[in-house]
Structures are given as structure tokens and as C-alpha cells.
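Colleague: Spelled out, the chains give:
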Amino acid sequence: MIEFQHVFKSYGRGRNILADINFRIQPGEFVFVSGPSGAGKSTLLKLIGGLEPPSRGAILVNGHRSDRMPARARPYLRRAVGVILQDTHLLYDRNAIQNVLLPLAVAGHAPAQSQSRARAAMEKVGLSGKEDLNPVEMSGGEQQRLAIARAIVNRPSILIADEPTANLDEDSARRIMDVFKDFNRVGVTTLIASHDRSLMAAYANRTMRIDTGRFTDAPGVT
Amino acid sequence: MKRWLNQHRYAFSVALRRLWSQPFSSLCNILVISLSLAVPIVVAAVLDTARPVAMQIPVSAEVTLYLDRSAPSGAASRLGNELREKHADDIETVEVIDRERALTELRQRPAWSEALAALPDNPLPDAIVITLRQHPEIATTSSRLSEQWRSIGTVDTVQVDSTWVQRLQSLLDFLSIGLWLLALGVAIVVLATVFNTVRLQALTQREEIAVARLVGATESFVRRPFLYLGALTALLSCGLATVAAWLALQPLNSVIDRLASSYGTQVSLQLPDSVSLLLSVLVITILGALSARWSVTRNTAF
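Respectively, the protein sequence lines represent chains P and F.
Residues 1 to 222, numbered by my numbering, are exactly what the first sequence covers, in order.
Residues 223 to 524, numbered by my numbering, are exactly what the second sequence covers, in order.
Just so you know, these hints were derived from the structure itself, not from any lab.
Be aware that a few hints might be false.
[Claimed, not checked] Partial list, derived from the structure: chain P residues whose beta carbon lies under 8 Å from chain F:
1) Pro70
2) Arg72
3) Tyr76
4) Leu102
5) Arg150
6) Thr212
All values derive from a computational prediction rather than experimental measurement.
Ideal Cβ placement from N, Cα and C applies to all residues, glycine included.
Please build the complete structure, drawing on both the sequences and the hints.
Modeller: Spelled out as C-alpha cells, the structure:
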């Protein structure tokens, strides 16, 4: 469950990127966050993932106040939230499976167990057989799926993705969305920031629209 | 516990990978540290060997007073008795060798007999040989007494014998302090080199660190491979330094062996004992890890 209560976010003394945001997302929901560029979608996702703290207000993730969490506890929140950022942040000094193995090493899994879990995650996103490729040898869609494999390998309860289909052709975008939908079917709460109306029409159960830092239509609209 | 061990195993393998991925740079760092470490090891070896040798050399600090040739007969005996009474705490024995006895003894030596026969009269002065009591401050005592005795009117020359051993002892004490200062300097070299190595590594691993944090890495997880890197660099440097010091001692030993043979003794420079070496390795390794921690904490705050 994710809940925002009167959340504000600004940088320094600048204007509010987010202003008085209130919503609740129930476990297992599949939610699109839509809005124009610069509306605050990425910031919203970063707040959920604990990558940044809010300036004001309360954020509850899986029942915990992430805004009040001490710095040393935040990494454990991040392990419960799979994050896929607009830039995939893949590591090009290692092959595909080693990218997926990193979160498992962070969580302290044994190497043998990690290998099988990483291969399973790559299989789920349709990258079976590409374990030894360097990410640079993969297409944009494959790199995005590799980033998803890395985000889900630790079996997070929440998955958030920032414009995961940007710069992808329609077929690749739909394959990516199918992957997200598959995870959502097994109970993973999924939030996707996008401004692709055709994808929203095809996949959304719920869309939250955000514009210049405020919700301009009521959350919970299906 | 198992997860913690897995994380350490991972950190160790990452540290080895990072060392191996830049072999030339890693080797240069290790060489710089090991050569710096080899210097105090060699100095320690010299001190460890020289100190017992200096202690074993029989020291009889003797001061010989040569009287003015114009001094009246019997002056040497009187002065000898006077000094024995006045400095009883410092003087062990007093031997008076009058000029006639000295000449007789010298004539018994073939090299001198002919030369002395050619002289019209006895050129030798009366002499008093004073042996001082042994104590740690004997060098200072002999120096002080010599100064006093030089001012005696009938004394022409004062010769202090065997003070070189005390001087050697003082030199060794000085070198001991120098060794500690050298060790301090080397510790700073280790700290600076490891700090800079880790700083450069942290800069090149920025992306990996950012991704690790994104997927839930704690700061300990981020720091751990760098700590191992610092400790491994220091540990490998210690090993190489020990080998380098051992190699440096070999040519020194052949020279010292010749010198020692001329004194009828046997001396060879040895590396410090294994306990001292292991303790030093441990300290240097911990220093490497601490420096790495300091560096990574400063350079990964992004």
C-alpha cells in the first residue's frame, strides 16, 4: 500500500514541484501516472522509492512512514520497491546477468542461489539466452527489459517505472507493458509514469493525472 | 549471519577484481608502499643486530693522564692517590706508570728499541691510567672528569679511551628514535597512497555505486569493497616489503661479516622476529583499511 498525505516537494527555495498531493494506492493495483513533461511525475516516483525525501507531508509505503525513516533504514525500503528509471542505469563494464546479480549481492544471497534467480528473472522478461551479452550489445527494448529484470529479481512488492517505453517502437513498448502486467497479475503493485495515451488506454486500471505539481483530476479514476 | 558472510565474500571478490582490472596502477601503488615499508624494516634489522653486539663488547672506559715532563718525581703517584680519593665513586682503579717503567716496557718492543737508543734522554712522560666504574652514564662521566683533569697544572694531555662504544650506544638510541619517526612517516605514506587509490577507484565506480544504492545497498555495502581494497593493497605491500628488505640485507651482510671478523666476532643482519613482523603487518593492514574507509566516505557522498 502506498499513501501520500499532503505531500509537498521543492528544491531549495524554488517553487513546489509537488504541492499538497494526497492519494492512496491499494496493494496489487496497476496505476498510470500521466501528465506533461516537467509536471512532477518522476519526482513523485522518486518519493515513493525513497530516493528523495519530501519537503513536507507524510508518505507511507507498505505501512512504514518513509519520510521519517532514518537514512540507514532507507536501503531496506528500496529493496521492497523495484525502481526502473528513465535512464536504465545499466552497468556496461559487465554482462547482462551480472547486472541482474547486483541486487541479489546487495541483499546477501548466496552465489549459486543468485545465479538461478537472476536467470529466472531474465527468462520472465524474455531475455533468456542473452545472459552473457554486454548491455551495449542489446537493443533499447532489451536494455529496458534488462532493467526490469534487475528491478524485480529481489521480488519487490511494489514496482515503479519512469517512462519505461519512451524512445521505443510500438511493438517493444507493448512487450514491456506485457511484462509489467504479468508482474501485476501475481500481486505486485505497479506504478508507471507515462504520457503515452494509447498505452494507458490499453493497459490502465487506474490513471492519476498530475500537472504542474498538482493532481488535476481525482485519483482513483479508472 | 550467512547473508553477512555472502556480502563480505562479494566485497572481497569485487576488491580483487578492481585490483586485477588495473594491474599496472595497482602494482605501482603496491611498489611505492612496499619500498617505503622496506626502509624501516632494514633499519630495524640493523638496530636489532647492532644493539646486542654493542652490549657484548667489553667496555673498560679508561682515561690516561700524561703529566708534563717538567713535573717533579713522585708527582704522578701523589696525583693518582689524590684523584682516587676525590672521585672514589667514579674510579675503579688507578695505575701509575712512571716514565722509567714506560721506557723499559717500550724498549722491550723490537720496533722501538733502536729508535729509543738513538735518543739522548727519556722522551716519555709519567702517566696515570684511570679505569672508571661501569654505569649507564659512563660516557658523560668520563667526559666530565676529563675536562676537570685537563685543568690540573701538572697534567699535559688527557686521553679518553673506549668511549666509542658509549658513543655507539648513544647513536643506537638516537637511531631508535629515528626509526619511530621513520615508521610514522611510512604510516603517512601508506595512508596517503591508499587514500588516493581509493579516491580514484570511487570516482571510476560512481555509476556502480549509484546503481547499488538504487537497488537497496547500505553504505556499509558500498564501502566494504574499498575497505578490502585498502587492506589488500597494504597486505600485499607488506609481503613485498619483507622480501625487498631481506634482499637488501644480503649484500649488507657480506660487508658486515668482514668487519665483524676483524673484531673476532660473527654478526649477521636478520629481519625482525616473526612476532614483530606479523604485528607490523597487522597494523599496516588496519591502517590501509582505515584510510580506505576515510577516503570512500569522503568521495562517495553523491
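Colleague: Each hint needs a verdict: does it hold in this structure or not?
Modeller: Structure-based check of all given hints:
1. Pro70: Interface hint status for Pro70 of chain P: violated (12 Å vs cutoff 8 Å).
2. Arg72: Arg72 of chain P check passes; min Cβ-Cβ to chain F is 7 Å, inside 8 Å.
3. Tyr76: 7 Å, holds
4. Leu102: Given a least distance of 6 Å, the restraint on Leu102 of chain P holds.
5. Arg150: 7 Å, holds
6. Thr212: Status violated, d = 27 Å.
Comparing the model with each earlier hint shows violations of hints 1 and 6; every other hint is respected.
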